[in-house]
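> Now for the letters of each chain:
Number of protein chains: 2
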Amino acid sequence: MDKKQLIEDDLKYIWRPFTQMKSLEDESNKPIIIKKGKGIYLEDIDGNKYIDAVSSWWVNTLGHSNPRINKAIYKQAKKIEHVIFAGFSHKPVIKFSKKLIEMMNNNLKHVFFSDNGSTAVEVALKMAYQYQVLKGHSEKRKFIALKNSYHGDTLGAISVGGIDMYHKVYKPLLFEIRQAESPYCYRCPMGCNKETCNTECLSSVENILKEEADNIAGIIIEPLVQAAGGMIMYPPEYITKLRTLCDKYNILLIDDEVAMGFYRTGKLFAYEHAGIVPDIICAAKGITAGYMPLSVTVTTDEIFNAFYDDDKDGYKTFYHGHSYTAYPLALAVALENLKILEEMNIEEYLKPKIAKFKKELEKFKNHKNVGDVRQTGMICAVELVKDKKTKEPFSYEDGIGKKIYLEGLKLGAILRPMWNCIYFITPYIITEKEIEKLTNIAYEALNRVLPDKEQ
Amino acid sequence: MDKKQLIEDDLKYIWRPFTQMKSLEDESNKPIIIKKGKGIYLEDIDGNKYIDAVSSWWVNTLGHSNPRINKAIYKQAKKIEHVIFAGFSHKPVIKFSKKLIEMMNNNLKHVFFSDNGSTAVEVALKMAYQYQVLKGHSEKRKFIALKNSYHGDTLGAISVGGIDMYHKVYKPLLFEIRQAESPYCYRCPMGCNKETCNTECLSSVENILKEEADNIAGIIIEPLVQAAGGMIMYPPEYITKLRTLCDKYNILLIDDEVAMGFYRTGKLFAYEHAGIVPDIICAAKGITAGYMPLSVTVTTDEIFNAFYDDDKDGYKTFYHGHSYTAYPLALAVALENLKILEEMNIEEYLKPKIAKFKKELEKFKNHKNVGDVRQTGMICAVELVKDKKTKEPFSYEDGIGKKIYLEGLKLGAILRPMWNCIYFITPYIITEKEIEKLTNIAYEALNRVLPDKEQ
Numbered sequence: 006m007d008k009k010q011l012i013e014d015d016l017k018y019i020w021r022p023f024t025q026m027k028s029l030e031d032e033s034n035k036p037i038i039i040k041k042g043k044g045i046y047l048e049d050i051d052g053n054k055y056i057d058a059v060s061s062w063w064v065n066t067l068g069h070s071n072p073r074i075n076k077a078i079y080k081q082a083k084k085i086e087h088v089i090f091a092g093f094s095h096k097p098v099i100k101f102s103k104k105l106i107e108m109m110n111n112n113l114k115h116v117f118f119s120d121n122g123s124t125a126v127e128v129a130l131k132m133a134y135q136y137q138v139l140k141g142h143s144e145k146r147k148f149i150a151l152k153n154s155y156h157g158d159t160l161g162a163i164s165v166g167g168i169d170m171y172h173k174v175y176k177p178l179l180f181e182i183r184q185a186e187s188p189y190c191y192r193c194p195m196g197c198n199k200e201t202c203n204t205e206c207l208s209s210v211e212n213i214l215k216e217e218a219d220n221i222a223g224i225i226i227e228p229l230v231q232a233a234g235g236m237i238m239y240p241p242e243y244i245t246k247l248r249t250l251c252d253k254y255n256i257l258l259i260d261d262e263v264a265m266g267f268y269r270t271g272k273l274f275a276y277e278h279a280g281i282v283p284d285i286i287c288a289a290k291g292i293t294a295g296y297m298p299l300s301v302t303v304t305t306d307e308i309f310n311a312f313y314d315d316d317k318d319g320y321k322t323f324y325h326g327h328s329y330t331a332y333p334l335a336l337a338v339a340l341e342n343l344k345i346l347e348e349m350n351i352e353e354y355l356k357p358k359i360a361k362f363k364k365e366l367e368k369f370k371n372h373k374n375v376g377d378v379r380q381t382g383m384i385c386a387v388e389l390v391k392d393k394k395t396k397e398p399f400s401y402e403d404g405i406g407k408k409i410y411l412e413g414l415k416l417g418a419i420l421r422p423m424w425n426c427i428y429f430i431t432p433y434i435i436t437e438k439e440i441e442k443l444t445n446i447a448y449e450a451l452n453r454v455l456p457d458k459e460q
Numbered sequence: 006m007d008k009k010q011l012i013e014d015d016l017k018y019i020w021r022p023f024t025q026m027k028s029l030e031d032e033s034n035k036p037i038i039i040k041k042g043k044g045i046y047l048e049d050i051d052g053n054k055y056i057d058a059v060s061s062w063w064v065n066t067l068g069h070s071n072p073r074i075n076k077a078i079y080k081q082a083k084k085i086e087h088v089i090f091a092g093f094s095h096k097p098v099i100k101f102s103k104k105l106i107e108m109m110n111n112n113l114k115h116v117f118f119s120d121n122g123s124t125a126v127e128v129a130l131k132m133a134y135q136y137q138v139l140k141g142h143s144e145k146r147k148f149i150a151l152k153n154s155y156h157g158d159t160l161g162a163i164s165v166g167g168i169d170m171y172h173k174v175y176k177p178l179l180f181e182i183r184q185a186e187s188p189y190c191y192r193c194p195m196g197c198n199k200e201t202c203n204t205e206c207l208s209s210v211e212n213i214l215k216e217e218a219d220n221i222a223g224i225i226i227e228p229l230v231q232a233a234g235g236m237i238m239y240p241p242e243y244i245t246k247l248r249t250l251c252d253k254y255n256i257l258l259i260d261d262e263v264a265m266g267f268y269r270t271g272k273l274f275a276y277e278h279a280g281i282v283p284d285i286i287c288a289a290k291g292i293t294a295g296y297m298p299l300s301v302t303v304t305t306d307e308i309f310n311a312f313y314d315d316d317k318d319g320y321k322t323f324y325h326g327h328s329y330t331a332y333p334l335a336l337a338v339a340l341e342n343l344k345i346l347e348e349m350n351i352e353e354y355l356k357p358k359i360a361k362f363k364k365e366l367e368k369f370k371n372h373k374n375v376g377d378v379r380q381t382g383m384i385c386a387v388e389l390v391k392d393k394k395t396k397e398p399f400s401y402e403d404g405i406g407k408k409i410y411l412e413g414l415k416l417g418a419i420l421r422p423m424w425n426c427i428y429f430i431t432p433y434i435i436t437e438k439e440i441e442k443l444t445n446i447a448y449e450a451l452n453r454v455l456p457d458k459e460q
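Sequence order for the protein chains is A and B.
When we follow our numbering, the leftmost residue of the first sequence carries the number 6, and every step to the right adds one.
When we follow our numbering, the leftmost residue of the second sequence carries the number 6, and every step to the right adds one.
Chain A on its own, in the form it takes in the complex:
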């Protein structure tokens, strides 16, 4: 099949995620057919190579087509690819769970498996609510969630989402939540600024709790970075203080580490930066180094024990499962991934790369359309504005992100700006030289779309 035919068939038969299909009539929007990947590079069927600066939706950590992971999959497939996970088990899942809990080394003790970030969040929400019911608090049925939050695309996950364009239309199918302010430091909802910030925006959470903590099961957050909301970053103190609020008002802290977990922020999980432990965490994406769907929801003895009972009628059981729950293929990959990260001494390994990104981000700061430059570990973002002083944003119709994306492709990198943010979420194995190359490409793409006349 030639390229033209492949693209034609793609558009004819496939309905693509998050995509207005009519936009693909435009020649510049045709899907790019990827033939192979190696390390940080993806190669299309014409032989063009691109730095995967988005880690293929923030999942790839050890590079594409990693030989060790490839072998681990094949080895596992030749033993057993999948076995029903009710009543049965297998070594990879036991070893992985033990290793993960030991690495966390805190009050989070029990691993529940599901298939992706959305389901990990659904598990957390169901678990939190049922926990409250089992504790005699069935009136605690609402959750607090933040503006600009994204927790997945299933209807439970959408209920706690806060991005209108994604979530608004489904409103009649969603459960009731209370929405608190987004800790969007660059555009502080309290009118404060970063330098003198005292996490004033947390008052919007506490105000809700003062009103009706008795009706609240828990609060769900994306720790340190509201990623899909536009790489909005906020300080660890927010989470530290939020933990105190949750304890004071007796609600659960659900920490959605789907995008941040497995060292994206420089630590195993982002909550570690805040020196606290959540009641429930969700993790996915990097768990398999970017190979295949798998997720975990991890919780405490306190929550686990509330379900632990003789349960003659079955109503204290946590009924949730998917056909491929904890399938051996993915667990063999996840286990190999943990081993590799350990051998790499990953926290130390990332430090010079994080520092290099910090240095290279400097070049964006003086650009007339750069409003904010921010970084949390291996996540970097550059927020573009029409006017630096007023912080006026570009509108959806301006299509700035799309234009930069197209320039990036020409220059050899997959930049995929999120709203008005150019961001970098690369595989961890990117070298310092490649960081320089990538940020130069991004700067050049930016300058082609929005020339910096002041320079």
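These are computed hints drawn from the structure, not numbers from a lab.
Some clues are possibly wrong.
Pairs involving identical chains hold if they fit within one copy or between any two copies, as the list cannot separate such chains.
[To be verified] Computed cross-link-like contacts, BS3-like style, restricted to lysine-lysine with a CA-CA straight-line distance of at most 30 Å:
(1) K215 / K9
(2) K317 / K104
(3) K391 / K370
(4) K317 / K9
(5) K173 / K140
(6) K344 / K80
(7) K76 / K41
(8) K358 / K54
(9) K100 / K43
(10) K54 / K9
(11) K363 / K408
(12) K9 / K104
(13) K40 / K173
These numbers come from a predicted model, not from an experiment.
Chain A is already provided as a structure; the job is to place chain B on it using the hints.
The following block gives chain B in isolation, referenced to the frame of chain A:
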């Protein structure tokens, strides 16, 4: 690690799906550690072999550790394991989508990918509702679902679920539906019987539509078999007539083929038996021959076109996606699976096996505790009752299913009765001799737990 340690670690670190964890204190309930699989057999770390009579949650079709599929995975991993599916594509997904649509050869034309059965259903519900909104019918926000139905464990999927033990506790988090009668022929809700059935139970659907079709977006069904509800089977005429009702009252027919699809009923999809075409179908499980999570939601031009627009503000886009949407590893497997099924001439291949199951099921019919014996293609079920005349069911506390499960293990088969039903959902490659062996094991297990004194 020895077995004792593995089991201890398993129970310490893992919260198992659909499981009251306290029940695992019982020695007979400890998880069985599976070491390898081959064809229809699973082998534990003590060397015990079991026929996988449940296809590891109804997914395995071509046998465990299938050499061709193993090679297809490894080959794909060495090219590219995963690439972001917005803006990018790859050959396996294009070839698979084209092949699937061509095999269906009807009005279902557009494939939307997600990760598992629950998400395929969430996609269908969101798509159906948003379609109604885009057509100007935002008041069409309720769905009709059937008693005893199961569509997955995320909160949208639970909303259309009808099994109290799984779903009741989450009620405050669910959206509003209308529930119609279950087409449970053996226990007909209309008091009719199979022999003279005229699908009277459909009147409960029509009554709802007469009341408020203007508020109904669609109806969702499991075609021919309500599987998790207890392998409840009903005739294709139900679906044929339901299609007519949907057209008459202008609602969408959503067909959840997650368990039935990919030849489980003897045809590619179960709706084919009814000679109709649904508006949306969901499929998963067998799509990867039992290897890894992947699902599709397939729909018509009519629905697809309602979203197809210039869409300046983004509100006509279908916003749904998962990190691993259409990941190449799974698509390479799904494509190889379709090729293998085609080479096997699968419909013809299954006919003698279906006939052999039919023959072997005869031996259960006279047992004093067998109320009903039923079969739909490669799904067979034997419903047990306390009293054949009154059809009085065993209670949850009787634990009949659990006892038969344990006897099955001793005899070398994984029978995992669903409520009061012994069932067989085996890999398609089971031989006629193995069908005889398996049904003999099941009969022996049944007789050990409930001796047939009448014999």
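> Against each hint, give a clear statement of whether it holds in the structure.
The hints, checked one at a time:
Taking CA atoms no more than 30 Å apart as the test, K215 paired with K9 passes in neither setting, with 60 Å inside one copy and 50 Å between copies. Neither within a single protomer nor between protomers do K317 and K104 lie at most 30 Å apart by alpha-carbon distance, with minima of 33 Å and 49 Å respectively. With identical chains, the CA atoms of K391 and K370 are at most 30 Å apart within one copy only, with a shortest distance of 14 Å there and 77 Å across copies. In the homo-oligomer, the alpha carbons of K317 and K9 lie at most 30 Å apart only across protomers (28 Å), although the nearest pairing inside one protomer, at 62 Å, exceeds that limit.
Taking the closest pair of Cα atoms, K173 and K140 come within 30 Å of each other only across two copies (17 Å); inside a single copy the shortest separation is 33 Å, beyond that limit. Taking CA atoms no more than 30 Å apart as the test, K344 paired with K80 passes in both settings, with 16 Å inside one copy and 23 Å between copies. With identical chains, the CA atoms of K76 and K41 are at most 30 Å apart both within one copy (17 Å) and between copies (17 Å). For the identical chains of this complex, K358 and K54 are intra-copy neighbours only, at 22 Å inside a copy versus 50 Å across copies, given an alpha-carbon limit of 30 Å.
For a Cα distance limit of 30 Å, the shortest separation of K100 from K43 qualifies both inside one copy, at 28 Å, and across copies, at 23 Å. Taking identical chains as interchangeable, the C-alpha atoms of K54 and K9 lie at most 30 Å apart only when both belong to the same chain, with a minimum of 19 Å there against 50 Å between chains. For the identical chains of this complex, K363 and K408 are intra-copy neighbours only, at 25 Å inside a copy versus 62 Å across copies, given an alpha-carbon limit of 30 Å. In the homo-oligomer, the alpha carbons of K9 and K104 lie at most 30 Å apart only across protomers (18 Å), although the nearest pairing inside one protomer, at 48 Å, exceeds that limit.
When the C-alpha separation of K40 and K173 is checked against a cutoff of 30 Å, the pair qualifies neither within a copy, at 37 Å, nor between copies, at 47 Å.
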